[in-house]
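One letter stands for each residue in the lines below.
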Amino acid sequence: AQTVTQSQPEMSVQEAETVTLSCTYDTSESDYYLFWYKQPPSRQMILVIRQEAYKQQNATENRFSVNFQKAAKSFSLKISDSQLGDAAMYFCAYRSAGDKIIFGKGTRLHILP
Amino acid sequence: EPEVTQTPSHQVTQMGQEVILRCVPISNHLYFYWYRQILGQKVEFLVSFYNNEISEKSEIFDDQFSVERPDGSNFTLKIRSTKLEDSAMYFCASGIGTGGVGYGYTFGSGTRLTVV
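Chains as they are written, first to last, in our numbering: chain A, 1 to 113; chain B, 1 to 116.
Bound-form chain A, shown alone (with noise of 0.2 angstroms):
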């Protein structure tokens, strides 16, 4: 079964500065949807960035960019120039070509100002 560890429960990072968040998954699968979700304190759940397995190009949006290493099964999220409103609860998702979309447990991140 696919698995989605992320091993930093909470972070801490001044605004203004860039800060990591780590993720890996465990799959047997080949193709398949990496994601990171931010859940701010209203506990939406919204999308923050995708990557498809099969792009070696890491994916960017805007201050957001993630580290997608296939072979390592990582897919560490990066956020530049932290702003106080990205602070939130972010997990780090995986999806095959099947339904469902599998969670880590999330990483709490603190800006501090």
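Please note that the accuracy of each hint is not assured.
Stated by the list, open to error - Okay, derived cross-link-like pairs now, DSS-like style, lysine-lysine, Cα gap no bigger than 30 angstroms in a straight line: (1) A:105 - A:78; (2) B:57 - B:83; (3) B:42 - A:73; (4) A:55 - A:73; (5) A:78 - B:42; (6) A:105 - A:73; (7) B:78 - B:57; (8) A:105 - A:70; (9) B:42 - A:70; (10) B:42 - B:78; (11) B:42 - B:83; (12) B:42 - B:57; (13) B:83 - A:70; (14) B:78 - A:73; (15) A:70 - A:55; (16) A:105 - B:78; (17) B:57 - A:105; (18) B:83 - A:105; (19) A:105 - A:55; (20) B:42 - A:55; (21) A:55 - A:78; (22) A:55 - B:83.
What the hints assert, rightly or not - Derived coverage of chain A by chain B (criterion: at least 3 residues anywhere in the stretch with Cβ under 8 angstroms from a Cβ of chain B; other residues may be distant): (23) 39-49; (24) 100-112.
In short, the hints are calculated from the structure, not lab data. All residues carry an ideal CB built from backbone N, CA and C; glycine is no exception.
Given chain A, work out where chain B should sit, using these hints.
Relative to the frame of chain A, chain B by itself:
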């Protein structure tokens, strides 16, 4: 931007009572999902629904749970006899289909269910 709408945002119910959580998915989406998140824990898959039937369900989704798409726009989750441990945030999500699987889903803003 299209949204998945969930109502109510917060529901309090007595243990043993039936509760129905409602969702309006995005109109051109074909796949519908329920997830739950117990406070402080990870988001867990409950059930997926396609073509008017359940396509996959987790072991959490036992006989106390059911889903329905009664009128082509709403998607509901019913818990027949609520237990204290059903207290959680329940998220509805919808997806465009397997062709769009790389796009993940769109989640609603959730219903906080409190069982007392």
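Here is what the structure says about each hint:
1. A:105 - A:78: Answer holds: residue 105 of chain A to residue 78 of chain A is near 18 angstroms, not above 30 angstroms.
2. B:57 - B:83: Holds, at roughly 19 angstroms.
3. B:42 - A:73: 20 angstroms, holds
4. A:55 - A:73: 14 angstroms, holds
5. A:78 - B:42: Distance ~21 angstroms between residue 78 of chain A and residue 42 of chain B Cα, so the pair holds.
6. A:105 - A:73: OK: residue 105 of chain A and residue 73 of chain A at ~17 angstroms, within 30 angstroms.
7. B:78 - B:57: Measuring from Cα to Cα gives roughly 14 angstroms; hence the hint holds.
8. A:105 - A:70: 21 angstroms, holds
9. B:42 - A:70: Status holds; Cα separation ~24 angstroms.
10. B:42 - B:78: Roughly 21 angstroms separates the two Cα atoms, so the pair holds.
11. B:42 - B:83: The given pair, whose Cα atoms are some 19 angstroms apart, holds under the 30 angstroms limit.
12. B:42 - B:57: 17 angstroms, holds
13. B:83 - A:70: Distance ~42 angstroms between residue 83 of chain B and residue 70 of chain A Cα, so the pair is violated.
14. B:78 - A:73: The hint is violated at about 37 angstroms.
15. A:70 - A:55: 10 angstroms, holds
16. A:105 - B:78: Roughly 26 angstroms between the alpha carbons, so the hint for residue 105 of chain A and residue 78 of chain B holds.
17. B:57 - A:105: 20 angstroms, holds
18. B:83 - A:105: 24 angstroms, holds
19. A:105 - A:55: 25 angstroms, holds
20. B:42 - A:55: 28 angstroms, holds
21. A:55 - A:78: 18 angstroms, holds
22. A:55 - B:83: 45 angstroms, violated
23. 39-49: holds (count 6)
24. 100-112: holds (count 7)
The structure is inconsistent with the numbered hints 13, 14 and 22, although it conforms to all the rest.
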